[in-house]
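Assembling the complex is the task here: the two chains are given apart, and the hints tell you how they should meet.
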Amino acid sequence: MKTTAKYAAAFLALAAALAPIYWLITISLKQEIDQFASPPLWFSFTPTLRHYNAIFRQDVFGRYFLNSVIVSTASTLIALLLGLPAAYGLVRFPWPRDWSRSISFWILSNRMLPPIVTIIPLFLMLRQIHLLNSLTGLILVDVALNLPFVVWMMRGFVEDLPREIEEAAMLDGVSRIGILLRIVLPLVRPGLAATAVFCMIVSWNEFLFALILSQTESAMTLPVGIASHVTQYEIQWGAMSAAGVVAMLPVLIFAAAAQRYFVRGLSLGAIKG
Amino acid sequence: MMSLRVENITKRFGEKHALRGVTLEARDGEFVVLLGPSGCGKSTLLRIIAGLEEPDEGTVVLGGNDITRLEPRRRDVAMVFQGYALYPHMTVAQNIGFPLRVRKRPPSEISAEVERVGARLSLAHLLQNLPRQLSGGERQRVALARAIIRHPKAFLMDEPLSNLDSRLRIDMRAELKHLQHELSVVTIYVTHDQVEAMTLASRIAILKDGILQQYDAPSEVYRRPANLFVAGFVGSPSMNLLPGIVESGLFLLQSQAEPPAPQHHLSNPKGGAGGFAYQLAPEHLAAIGPRREITLGIRPEHIDFSPVPQPGYTPARAWVTEDLGNETLIRLSLDGTHITLRAPAGTRADFDSPAWFRIRTENIHWFDSQTTEAIR
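Chains as they are written, first to last, in our numbering: chain A, 1 to 273; chain B, 274 to 649.
Calculated from the structure, these hints are not laboratory results. There could be a bad hint or two in this list.
[Unchecked claim] According to the in silico footprint, chain B covers these stretches of chain A (three or more CB under 8 Å from chain B):
#1 138 to 151
#2 165 to 174
[To be verified] Simulated restraints on C-beta separations:
#3 K2/A with R374/B: 55 to 61 Å
#4 L597/B with S102/A: 39 to 45 Å
#5 N436/B with A13/A: 41 to 47 Å
#6 D98/A with D482/B: 24 to 30 Å
#7 S175/A with R405/B: 23 to 29 Å
[To be verified] From the derived model, a few chain B residues whose C-beta atoms are all more than 10 Å from chain A:
#8 A323
#9 E344
#10 M445
#11 E635
#12 A647
Just so it is clear, CB atoms sit at the ideal spot from N, CA and C, and this is done for glycine as well.
One chain only, chain B, in its complex shape (with noise of 0.2 Å):
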């Protein structure tokens, strides 16, 4: 059973701090995927886990041993970089084989390993090339071919994708997952992408600022994001985050237009410059509480929308319309407020015509705008 946890993980740079109180755990041959925006702490955690830095709290167990002081190179964790890393003055072959010969194997059993693992990985025609000769892909799957020769106890990737160009990302994104799958290795794998997040992982731990925010399946953190952060990284087109305020049972938008002061919404509880106003449910209010400051959470494809007034329809304009083909995104102006919607392929919405939109209640996420968090 070779499960990775880092357990309660601080690094400071200096003043600033990298990393506060990171905990999760990796079981068997799972793909964790580390998402968050540059400068989060990502990266970090991976080189803390690959000994390459050393963190100032906290412990790292590969499994079942501390290998928190451990060196780098007594690890036996394999580590796929952005920039490949491929060894310049070395070829193809010499490339995949280096951790064999490192390791003293016999030379026979080393160019058989070598022979399997590059024709594995499509590259038997390459084997005598050196690093320069190769594509960005091809570089890139001598660097996992490296990085699996050896059977290593954990991957660590970090941003191994993101040098593609992005049709290219898609393929190796697709067969990096099915190879993870065949090998059944532990994976840490680090990217700010989220597509490529949620197309990966068996788990994605979102990081922000050095701390944790969620750590969950890409279905969970999607369904139920935990917190504003979250909500708003993962999904694309991202998830409309609309802060407003609890009057009465209701909850009004703040306009971004002219942002109204409290008194204006309670002499006009109903619409006004706000424009939208929200009759909450009796469950919603009972998680609300006391609370007044909320931020209402609804995915673009949980909007209707109707280029015709309907009954339950909130009026608004449509502002931009994106064709992708198989769907239109088209994006509402609601007094300033943008909102944005998935409408089937062919919807038409001209620049600034009257567009009628719809929230479906049963989707609706509700953050508390002062603490961040999900309202449950």
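Just chain A, same shape as in the assembly (with noise of 0.2 Å):
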């Protein structure tokens, strides 16, 4: 393929994949009468931040953006905490056949189920735990549904580790435990940063266990809350773009500081499944 035909092919791919936010960002910054202008206006139209006001001045805002703060990263610390050892204990234990693989297979399996056919049953469950409506709740539900992916991820860096090292280290006096967090842990570390920031952006975005597990505001994340804002009489466009605006924005900055290790934790997990 020629140069050109591969940049007008790239800037497609490109424009399809921003138009979407532009659209967002400057519906959050259009007064109402020119949102929905026909023709639509691109770039000249006169910007407000009164949609931005409107949100921050609304204390509930502030309540879903705290909720989701927490909800994502205690149940990405979580699911790391959990998933890190048990990827190295069913990569490095000695198994009987092939256990390692059936247990890791049914731990993917779970990723399997499409998350609305558990949605009773986790409604069910939570209500009978009281945690309906708490971020607990959430928490829980969230490291349920990144736990299996963290598994998998870290098994792959977890292989990818030369076993040499491990084994001088058992000879150098040290225990299994001490391995993992003398050892396996630092040297995993590109590994485990580009898995917590999928993590945190599968968490921040969740939206439909959010949605019928926090019917209370003291509990809703943001993604629920944003969808608030239709309403039975009307949608209010520009605070609902304002939020999604701010909604985006701590996901990006992350991505982009762990942008270093993103890019080079999934490859080097590419290289083994």
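See the structure below:
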């Protein structure tokens, strides 16, 4: 393919990917009158920060934002805390026959179920243990959602570590737990960072469980909060878009900060499935 | 008295036997080399001593204590790996000091010890570097430093020099041998390189297919190989092994080009297609006894070469001459059978020119071709 054609194709793909984001940002800056002007106003409109003002003046928006931060951070940390040792054990312990593979596959199979199938049992279970409308309940559900991914990603990274290094540590007098903390953990850090970014994003954007399992403002996360701008009588496009832009920012910042690890981590993991 | 003994060690991986009933003892301060081709079980034996593998049967005894079921970290042995196995995220100083940090020694003592060991292995200027900034030889020395810093009861080394280029390997070999002498700690060293084994070992244990073939001092292994395998494996160039038949007091060589039927030999007892007949001395005949198929073993340095016919010499053809500078290796062809001999430097023999050789009777080794055992 010629270079021009390549660039044209890349530009098209980029435009397709960025157009909705551009649209979201412009709507959040437009007056109501301009939002659905026909033909659409791409560049020439009078920007306003009114919608941003509006959302930040609502107390609930801060609440949603904080809830999202708590849920995604806690669920990511817990998923990593449980997932890395699990992956290490699956890779390194002497399992009889192909148990390691079978268990790994079972863990992965949890992700094959359409989430909507589990929503009613989850609702009933959380109600039983009084964790409906609570951040703890949402955190638990998000951990369950992310754990299979963490285990599978980290399995690949642990497999890539030379076994000799761990054996050297064993002979140097380190226990299994010590090897995990002093040898494996520092060496899989790039992979761990990439996995963490992914978990954060999944959890931050998670909508279905949050919608059903948190009905009160005190436990609602951002995506649910934003959707609540669609009311019975009107759709508050401006406020919704402004909230959407604000919700996007942490993920963008986080991904940009961890980009170095992200690319390296994902490609490392790709060598061994 | 810190001796190391393995008794009757057997290890299977699935159906395959990696080790079968291996027993050997290393005395205090001894340098024992496990030698054998790849897949002979030598690394498995080392890993069993280290505790990285568990034997199916047998025991490992270190300093009088049975350590067979002990975790590696409780055995107090140090190991140097083929790939060095340095901790990539730690500096050289941190790598060397790691075993002491694990043992919670005071930091001041650790840094003093690291300085001392680092200086001993000429690493003083590299202490703040990361392993990836070092050359192969430097990494090797870091691995050694990490092993010696905590004064273990035994050193285990798994082909530690095999990743180095050949010149460095020879230097490190000498360095290692002297270091081991200084520390005088029992050392088990695995290699497939017989020169390395000969130069380093106080005793060599030769393994093949998981079975211990011979366990003896290098000179004994060289001078009195226990069987055909040891005879062919130890020594470079290796011993000439010429299979043949005993026939009315004569050893008749079986030509590799056209293996003669036994009847052929009966009708042609002197020479013929085999091209080589050797009058067996009475003491040889007594040792050989009723055996019929035997193998003559002769080292290249125990064959004399002559470019002209001489009494007592057998005619052959020069096949290839290799001038090594300090000596010349000549490969003769005797009706398709190749015989290698060492001749003085400067000896010349053209391709396919006639050549004569004589085997020194007193240096002949006889082997039973069927059992492969040496006949003594």
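Checked hints:
Here the region 138 to 151 of chain A counts 0 residues with a CB under 8 Å from a CB of chain B, which misses the bar of 3, and the coverage is violated. Here the region 165 to 174 of chain A counts 9 residues with a CB under 8 Å from a CB of chain B, which clears the bar of 3, and the coverage holds. Between K2/A and R374/B the CB atoms are about 60 Å apart, so this pair conforms to the stated range of 55 to 61 Å. Checked against the hint of 39 to 45 Å, the pair L597/B and S102/A fails, with Cβ atoms roughly 59 Å apart.
About 46 Å separates the C-beta atoms of N436/B and A13/A, a value consistent with the hinted range of 41 to 47 Å. Evaluation of the 24 to 30 Å hint for D98/A and D482/B yields a pass: the beta carbon distance comes to about 28 Å. Remark: the range hint 23 to 29 Å for S175/A to R405/B is upheld by a beta-carbon distance near 27 Å. For A323/B, the requirement that its beta carbon stay farther than 10 Å from each beta carbon of chain A is not met, with the minimum near 6 Å.
Not every C-beta of chain A lies more than 10 Å from that of E344/B, the closest at about 8 Å, which undercuts listing it as non-interface. A cut-off of 10 Å between C-beta atoms confirms that M445/B is not in contact with chain A; the least separation is 19 Å. No beta-carbon of chain A is positioned within 10 Å of the beta-carbon of E635/B; the least distance is around 48 Å. The claim that A647/B lies off the interface holds: its Cβ sits roughly 38 Å from the closest Cβ of chain A, which is beyond the 10 Å cut-off.
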